[in-house]
Amino acid sequence: MSEWYDKWRVKINQNESIHTTFTLKQGICPNITLNNVIIPKSDTVKYLGLFLDKRLTWKKHLQTKRLTLNNRMRMLIPLLIRNKFSTLNTKLIMYKSLLKPIWTYGLQLWDAAKKSNTYRIQTFQNISSRRLSNAPPYISNHALHNDLRMKTIVEEARIFYTRFHKRLQTHPNPLIKYLSILTLPGNPNCRLKRKWCRDLIQNFNV
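Counted the way our numbering counts, the sequence shown spans residues 1 to 206.
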(Lines of atoms letter the chains of each structure in order from A and count residues from 1; the text may use other names and numbers.)
(Lines give C-alpha, C1' and ligand atoms only; values in the text may rest on other atoms or scores of the structure.)
Protein backbone atom coordinates (compact mmCIF):
# COMPACT_ATOMS: atom_id res chain seq x y z
CA MET A 1 0.00 0.00 0.00
CA SER A 2 2.89 2.38 0.68
CA GLU A 3 4.01 2.17 -2.93
CA TRP A 4 0.48 2.91 -4.17
CA TYR A 5 0.17 5.92 -1.87
CA ASP A 6 3.52 7.26 -3.02
CA LYS A 7 2.66 6.73 -6.67
CA TRP A 8 -0.60 8.68 -6.46
CA ARG A 9 0.77 11.19 -3.94
CA VAL A 10 -1.71 10.29 -1.24
CA LYS A 11 -0.57 11.29 2.22
CA ILE A 12 -1.75 9.04 5.04
CA ASN A 13 -1.51 9.88 8.73
CA GLN A 14 -0.58 6.61 10.40
CA ASN A 15 -1.34 7.99 13.86
CA GLU A 16 -5.00 8.57 12.97
CA SER A 17 -5.50 5.29 11.09
CA ILE A 18 -6.92 2.09 12.54
CA HIS A 19 -7.02 -1.48 11.31
CA THR A 20 -10.00 -3.83 11.54
CA THR A 21 -10.15 -7.41 10.25
CA PHE A 22 -13.64 -8.64 9.36
CA THR A 23 -13.73 -12.35 10.07
CA LEU A 24 -15.54 -15.01 12.10
CA LYS A 25 -12.36 -16.95 12.74
CA GLN A 26 -10.74 -17.12 16.13
CA GLY A 27 -7.14 -16.08 16.46
CA ILE A 28 -4.81 -13.12 16.40
CA CYS A 29 -4.41 -11.13 13.22
CA PRO A 30 -0.82 -10.12 12.38
CA ASN A 31 0.15 -6.49 12.63
CA ILE A 32 -0.20 -4.22 9.62
CA THR A 33 2.40 -1.56 9.00
CA LEU A 34 2.42 1.53 6.82
CA ASN A 35 5.80 3.13 6.18
CA ASN A 36 7.20 0.93 8.95
CA VAL A 37 4.62 2.26 11.43
CA ILE A 38 2.26 -0.28 13.04
CA ILE A 39 -1.41 0.58 12.48
CA PRO A 40 -3.36 0.14 15.75
CA LYS A 41 -6.08 -2.50 15.83
CA SER A 42 -9.72 -1.90 16.64
CA ASP A 43 -12.72 -4.21 16.86
CA THR A 44 -15.02 -1.47 15.55
CA VAL A 45 -14.55 1.18 12.89
CA LYS A 46 -16.82 4.08 11.93
CA TYR A 47 -17.26 4.60 8.20
CA LEU A 48 -19.79 6.97 6.60
CA GLY A 49 -21.80 7.12 9.81
CA LEU A 50 -21.96 3.33 10.22
CA PHE A 51 -20.19 1.44 13.01
CA LEU A 52 -18.75 -1.76 11.55
CA ASP A 53 -17.60 -4.39 14.04
CA LYS A 54 -15.22 -7.17 13.09
CA ARG A 55 -18.00 -9.81 13.00
CA LEU A 56 -20.53 -7.52 11.28
CA THR A 57 -23.17 -8.10 13.94
CA TRP A 58 -24.10 -4.38 13.96
CA LYS A 59 -24.30 -4.51 17.74
CA LYS A 60 -22.15 -1.41 18.29
CA HIS A 61 -23.98 0.54 15.60
CA LEU A 62 -27.44 -0.21 17.00
CA GLN A 63 -26.35 0.49 20.56
CA THR A 64 -25.04 3.88 19.48
CA LYS A 65 -28.19 4.66 17.50
CA ARG A 66 -30.39 3.75 20.46
CA LEU A 67 -28.45 6.13 22.71
CA THR A 68 -28.73 8.86 20.08
CA LEU A 69 -32.47 8.28 19.80
CA ASN A 70 -32.92 8.40 23.57
CA ASN A 71 -31.05 11.71 23.79
CA ARG A 72 -33.03 13.20 20.92
CA MET A 73 -36.31 12.08 22.47
CA ARG A 74 -35.41 13.78 25.76
CA MET A 75 -34.83 17.01 23.86
CA LEU A 76 -38.19 16.71 22.09
CA ILE A 77 -40.30 15.84 25.14
CA PRO A 78 -41.74 19.39 25.38
CA LEU A 79 -42.87 19.16 21.75
CA LEU A 80 -43.92 15.53 21.46
CA ILE A 81 -45.10 14.50 24.92
CA ARG A 82 -46.03 17.52 27.00
CA ASN A 83 -47.46 19.62 24.21
CA LYS A 84 -51.24 19.46 24.66
CA PHE A 85 -51.94 21.80 21.76
CA SER A 86 -50.48 19.58 19.02
CA THR A 87 -52.63 16.93 17.41
CA LEU A 88 -51.57 13.32 17.17
CA ASN A 89 -51.05 13.69 13.43
CA THR A 90 -48.66 16.61 14.03
CA LYS A 91 -46.71 14.60 16.59
CA LEU A 92 -46.37 11.70 14.16
CA ILE A 93 -45.06 14.06 11.49
CA MET A 94 -42.45 15.40 13.92
CA TYR A 95 -41.46 11.86 14.87
CA LYS A 96 -41.01 10.88 11.22
CA SER A 97 -39.06 14.07 10.51
CA LEU A 98 -36.82 14.34 13.58
CA LEU A 99 -36.39 10.80 14.94
CA LYS A 100 -37.04 8.31 12.19
CA PRO A 101 -34.17 9.46 9.89
CA ILE A 102 -31.70 8.65 12.67
CA TRP A 103 -32.40 4.92 12.60
CA THR A 104 -33.38 4.52 8.93
CA TYR A 105 -29.88 5.54 7.78
CA GLY A 106 -28.18 2.35 6.62
CA LEU A 107 -31.31 0.30 7.30
CA GLN A 108 -30.75 -1.64 4.07
CA LEU A 109 -27.63 -3.15 5.66
CA TRP A 110 -28.09 -3.44 9.39
CA ASP A 111 -31.53 -5.07 9.32
CA ALA A 112 -29.71 -8.29 8.42
CA ALA A 113 -28.45 -8.35 12.01
CA LYS A 114 -29.81 -10.63 14.69
CA LYS A 115 -33.25 -9.89 16.08
CA SER A 116 -31.74 -9.30 19.51
CA ASN A 117 -29.82 -6.34 18.06
CA THR A 118 -32.48 -4.88 15.77
CA TYR A 119 -35.04 -5.15 18.55
CA ARG A 120 -33.32 -2.22 20.27
CA ILE A 121 -34.69 0.08 17.58
CA GLN A 122 -38.09 -1.62 17.50
CA THR A 123 -38.52 -1.17 21.25
CA PHE A 124 -37.71 2.51 20.89
CA GLN A 125 -40.43 2.90 18.28
CA ASN A 126 -42.86 0.95 20.46
CA ILE A 127 -42.18 3.23 23.42
CA SER A 128 -42.28 6.37 21.30
CA SER A 129 -45.60 5.52 19.64
CA ARG A 130 -47.13 4.70 23.01
CA ARG A 131 -45.98 7.97 24.55
CA LEU A 132 -47.04 10.03 21.53
CA SER A 133 -50.56 8.62 21.55
CA ASN A 134 -50.80 8.32 25.34
CA ALA A 135 -52.07 4.78 24.80
CA PRO A 136 -53.01 2.65 27.84
CA PRO A 137 -50.82 -0.36 28.64
CA TYR A 138 -53.41 -2.96 27.62
CA ILE A 139 -53.18 -1.95 23.94
CA SER A 140 -50.68 -4.17 22.14
CA ASN A 141 -47.82 -2.81 20.07
CA HIS A 142 -49.25 -4.51 16.99
CA ALA A 143 -52.60 -2.77 17.41
CA LEU A 144 -50.86 0.52 18.11
CA HIS A 145 -48.83 0.30 14.90
CA ASN A 146 -51.97 -0.48 12.91
CA ASP A 147 -53.95 2.39 14.43
CA LEU A 148 -51.13 4.89 13.82
CA ARG A 149 -50.35 3.40 10.40
CA MET A 150 -46.71 2.93 11.36
CA LYS A 151 -44.57 0.22 9.84
CA THR A 152 -42.36 -2.01 11.94
CA ILE A 153 -38.59 -2.05 11.52
CA VAL A 154 -38.73 -5.22 9.41
CA GLU A 155 -41.40 -3.78 7.12
CA GLU A 156 -39.43 -0.56 6.67
CA ALA A 157 -36.25 -2.53 5.93
CA ARG A 158 -37.95 -4.54 3.19
CA ILE A 159 -39.16 -1.38 1.49
CA PHE A 160 -35.79 0.36 1.81
CA TYR A 161 -33.79 -2.59 0.51
CA THR A 162 -36.19 -3.33 -2.35
CA ARG A 163 -35.88 0.24 -3.60
CA PHE A 164 -32.12 0.10 -3.13
CA HIS A 165 -31.96 -3.17 -5.06
CA LYS A 166 -33.91 -1.67 -7.97
CA ARG A 167 -31.45 1.23 -8.16
CA LEU A 168 -28.56 -1.23 -8.27
CA GLN A 169 -30.06 -2.94 -11.32
CA THR A 170 -29.94 0.29 -13.34
CA HIS A 171 -26.62 1.62 -12.07
CA PRO A 172 -24.13 2.55 -14.84
CA ASN A 173 -21.17 1.07 -12.96
CA PRO A 174 -21.01 -2.66 -13.82
CA LEU A 175 -19.35 -3.55 -10.51
CA ILE A 176 -22.16 -1.93 -8.53
CA LYS A 177 -24.80 -3.40 -10.84
CA TYR A 178 -23.26 -6.84 -10.19
CA LEU A 179 -24.34 -6.54 -6.54
CA SER A 180 -28.00 -6.74 -7.58
CA ILE A 181 -27.68 -10.45 -8.44
CA LEU A 182 -29.65 -12.48 -5.90
CA THR A 183 -27.48 -15.59 -6.28
CA LEU A 184 -23.89 -14.51 -6.73
CA PRO A 185 -21.77 -16.89 -8.86
CA GLY A 186 -19.33 -18.76 -6.68
CA ASN A 187 -21.12 -17.66 -3.54
CA PRO A 188 -22.14 -20.79 -1.59
CA ASN A 189 -25.46 -21.22 0.13
CA CYS A 190 -25.77 -19.67 3.55
CA ARG A 191 -24.74 -22.40 5.99
CA LEU A 192 -24.97 -20.18 9.05
CA LYS A 193 -28.12 -18.90 10.72
CA ARG A 194 -27.24 -15.32 9.89
CA LYS A 195 -29.43 -13.38 7.49
CA TRP A 196 -28.23 -11.81 4.27
CA CYS A 197 -29.39 -8.41 3.05
CA ARG A 198 -30.89 -9.86 -0.10
CA ASP A 199 -33.14 -12.08 2.02
CA LEU A 200 -35.27 -8.98 2.60
CA ILE A 201 -36.67 -9.02 -0.94
CA GLN A 202 -37.68 -12.67 -1.00
CA ASN A 203 -41.41 -12.86 -1.78
CA PHE A 204 -41.75 -9.10 -1.39
CA ASN A 205 -42.52 -6.48 -3.99
CA VAL A 206 -43.01 -2.70 -3.81
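If you're looking for bench data, these hints aren't it; they were derived computationally from the structure.
It cannot be assumed that every hint is accurate.
Below are the DSS-like pairs computed for lysine-lysine, each with C-alpha atoms no more than 30 Å apart in a straight line [claimed, not checked]:
1) K46 / K114
2) K59 / K41
3) K25 / K96
4) K166 / K151
5) K25 / K59
6) K25 / K100
7) K84 / K46
8) K84 / K115
9) K60 / K25
10) K46 / K59
11) K59 / K151
12) K54 / K166
13) K60 / K7
14) K25 / K151
We went through each hint and held it up to the structure:
As the CA atoms of K46 and K114 are separated by approximately 20 Å, the hinted pair is consistent with the 30 Å bound. For the hint pairing K59 with K41, the CA-to-CA distance comes to about 18 Å; that is within 30 Å, so the pair holds. Taken as a hint, the K25 and K96 pair is broken in the structure, with Cα atoms around 40 Å apart against an allowance of 30 Å. For a cut-off of 30 Å, the pair hint linking K166 to K151 stands: about 21 Å separates their Cα positions.
The hinted pair formed by K25 and K59 meets the criterion: a straight-line CA distance of about 18 Å does not exceed 30 Å. At roughly 35 Å between alpha-carbon atoms, K25 and K100 are farther apart than 30 Å, so this suggested pair is violated. The hinted pair formed by K84 and K46 fails the criterion: a straight-line CA distance of about 40 Å is larger than 30 Å. Taking the CA atoms of K84 and K115, the gap is about 35 Å. The hint is violated against a cut of 30 Å.
With a C-alpha separation of about 19 Å, the suggested pair K60 and K25 falls inside the 30 Å cut-off, and the hint holds. A hinted pair counts as satisfied when its Cα atoms are at most 30 Å apart, and K46 with K59 qualifies at roughly 13 Å. With a C-alpha separation of about 22 Å, the suggested pair K59 and K151 falls inside the 30 Å cut-off, and the hint holds. For a cut-off of 30 Å, the pair hint linking K54 to K166 stands: about 29 Å separates their Cα positions.
The hinted pair formed by K60 and K7 fails the criterion: a straight-line CA distance of about 36 Å is larger than 30 Å. Annotation: proposed proximity of K25 to K151 is violated, straight-line Cα distance about 37 Å (limit 30 Å).
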